[in-house]
Amino acid sequence: MDFALTEEQTAIFDMAHAFGQERIAPHARAWEADGTIPKELWPEIAELGFGGLYVSEETGGAGLGRLDATLVFEALSMACPSVAAFLSIHNMCAKMLDTFGSDDLKARYMPGVVSMNTVLSYCLTEPGSGSDAAALKTRAARTNEGYTLNGTKAFISGGGYSDAYVVMCRTGDAGAKGISTVIVDAGTEGLSYGGLEDKMGWRSQPTRQVQFDDCTVPAGNLVGEEGKGFKYAMAGLDGGRLNIAACSLGAAQTALDMTLDYMGQRKAFGQSIDQFQALQFRLAEMEIEMQAARTFLRQAAWKLDQNAPDATKFCAMAKKFVTEAGSRTVNQCLQLHGGYGYLADYGIEKLVRDLRVHEILEGTNEIMRLIVARQMLADR
Numbered sequence: 001m002d003f004a005l006t007e008e009q010t011a012i013f014d015m016a017h018a019f020g021q022e023r024i025a026p027h028a029r030a031w032e033a034d035g036t037i038p039k040e041l042w043p044e045i046a047e048l049g050f051g052g053l054y055v056s057e058e059t060g061g062a063g064l065g066r067l068d069a070t071l072v073f074e075a076l077s078m079a080c081p082s083v084a085a086f087l088s089i090h091n092m093c094a095k096m097l098d099t100f101g102s103d104d105l106k107a108r109y110m111p112g113v114v115s116m117n118t119v120l121s122y123c124l125t126e127p128g129s130g131s132d133a134a135a136l137k138t139r140a141a142r143t144n145e146g147y148t149l150n151g152t153k154a155f156i157s158g159g160g161y162s163d164a165y166v167v168m169c170r171t172g173d174a175g176a177k178g179i180s181t182v183i184v185d186a187g188t189e190g191l192s193y194g195g196l197e198d199k200m201g202w203r204s205q206p207t208r209q210v211q212f213d214d215c216t217v218p219a220g221n222l223v224g225e226e227g228k229g230f231k232y233a234m235a236g237l238d239g240g241r242l243n244i245a246a247c248s249l250g251a252a253q254t255a256l257d258m259t260l261d262y263m264g265q266r267k268a269f270g271q272s273i274d275q276f277q278a279l280q281f282r283l284a285e286m287e288i289e290m291q292a293a294r295t296f297l298r299q300a301a302w303k304l305d306q307n308a309p310d311a312t313k314f315c316a317m318a319k320k321f322v323t324e325a326g327s328r329t330v331n332q333c334l335q336l337h338g339g340y341g342y343l344a345d346y347g348i349e350k351l352v353r354d355l356r357v358h359e360i361l362e363g364t365n366e367i368m369r370l371i372v373a374r375q376m377l378a379d380r
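If you count the sequence shown from 1, position 11 lands on 11 in the working numbering, and the numbers rise without skipping.
These are computed hints drawn from the structure, not numbers from a lab.
Be aware that one or more of the hints could be misleading.
[Claimed, not checked] In silico lysine-lysine, DSSO-like type, Cα no more than 27 Å apart, as pairs: (1) Lys199 - Lys137; (2) Lys106 - Lys199; (3) Lys177 - Lys137; (4) Lys177 - Lys231; (5) Lys137 - Lys39; (6) Lys199 - Lys39; (7) Lys106 - Lys39; (8) Lys106 - Lys177; (9) Lys231 - Lys137; (10) Lys228 - Lys267; (11) Lys106 - Lys231.
[As the list claims (entries may be wrong)] Derived CB-CB ranges, DEER-like: (12) Thr364 - Ala174: 21 to 31 Å; (13) Arg23 - Leu196: 20 to 30 Å; (14) Gly339 - Arg139: 46 to 56 Å; (15) Ala176 - Gly339: 48 to 58 Å.
The beta carbon of each residue, even a glycine, is placed where N, CA and C say it ideally should be.
Using the sequences provided together with the hints, build the complete structure.
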């Protein structure tokens with residue numbers, strides 16, 4: 001059992017970290033204030049191979065494993081978890097198209113997707129179906145040319161911003177087996193967007209409802225087979241859960257590093273506050289939790305790369321554990337900064353806000369517990 005990263009993996013992490021510190025970190029607060037991420041950033045990220053992290057090399061992607069990808073997201077989230085998480089969503093969609101799309105669909109879309117001249121959004125959640133995703137109501141009715149799409153998607157990162165939308169919709173009866181996946185281009189007639197959501201965190205990501213009103217979708221934009229869309233959507237979520245966990249880990253590590261520096265400079269009662277044993281214990285608790293989280297995350301990613309039978313269970317456990325550990329850590333870091341932690345200038349309060357949603361999306365942490373418990377009962 002070898003816990004060390006390979007030279008290649010270390011290089012991947014270092015490359016992502018260097019890019020994040022140079023091109024993302026200096027602008028993260030400004031992008032949050034603007035409520036958007038400059039589109040020109042994405043082709044720059046794609047030049048590093050990050051537009052198609054686990055897209056096959058035959059299709060033009062990097063062909064990396066899930067463990068490799070967690071290193072990228074951990075490193076980028078040290079600069080800004082909101083930007084890193086948006087890239088994760090694009091990559092989840094890219095993998096779906098590469099794995100399940102027809103040759104024609106891949107020929108039309110994947111060059112732009114991998115270069116990130118075509119930015120993708122993932123459209124599963126609806127106003128009335130969150131955790132119960134198989135209850136979605138957006139319907140694609142068959143026509144001679146393809147489908148007519150009607151319905152509404154909610155909480156869509158990149159709504160009104162992305163270039164194409166990977167949409168889970170109902171083509172058959174109720175339940176998971178009646179769901180298919182289609183891709184809808186921005187600018188398609190009948191496609192519109194709600195107002196910009198005023199969110200607690202992830203504020204640099206434009207988030208809106210996505211509305212389909214008699215939206216025409218060509219038959220060739222069906223991803224894979226009819227009735228398999230829910231399966232495709234769920235297949236991407238194991239990796240997505242690892243990525244979101246990695247975003248929590250990277251951001252929390254940044255907060256901890258900043259807190260260590262701050263405590264060495266901040267004086268109280270005649271000495272720097274890092275000399276108080278009670279506060280040293282808090283630092284130790286955070287370090288222990290961060291190291292445990294990192295090891296757990298990488299074990300789960302390794303299992304997914306190995307197609308281990310318990311990979312889904314481990315991805316759920318890691319997502320729950322790491323995202324909650326990350327939130328606890330950034331909140332404790334804010335506390336150790338005192339009143340300064342509450343000020344935007346110090347960068348900690350943004351991380352507290354950004355990481356909170358990681359316990360909700362990609363499957364709530366309550367659903368993660370459900371996945372684990374069901375697997376335990378099935379295995380007994």
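Status of the hints after comparison with the structure:
no., hint, result
1, Lys199 - Lys137, "holds (25 Å)"
2, Lys106 - Lys199, "violated (34 Å)"
3, Lys177 - Lys137, "holds (13 Å)"
4, Lys177 - Lys231, "holds (8 Å)"
5, Lys137 - Lys39, "violated (31 Å)"
6, Lys199 - Lys39, "holds (21 Å)"
7, Lys106 - Lys39, "holds (22 Å)"
8, Lys106 - Lys177, "holds (24 Å)"
9, Lys231 - Lys137, "holds (17 Å)"
10, Lys228 - Lys267, "violated (60 Å)"
11, Lys106 - Lys231, "holds (19 Å)"
12, Thr364 - Ala174: 21 to 31 Å, "holds (22 Å)"
13, Arg23 - Leu196: 20 to 30 Å, "holds (24 Å)"
14, Gly339 - Arg139: 46 to 56 Å, "holds (52 Å)"
15, Ala176 - Gly339: 48 to 58 Å, "holds (50 Å)"
Of the numbered hints stated above, those contradicted by the structure are hints 2, 5, 10, listed in ascending order.
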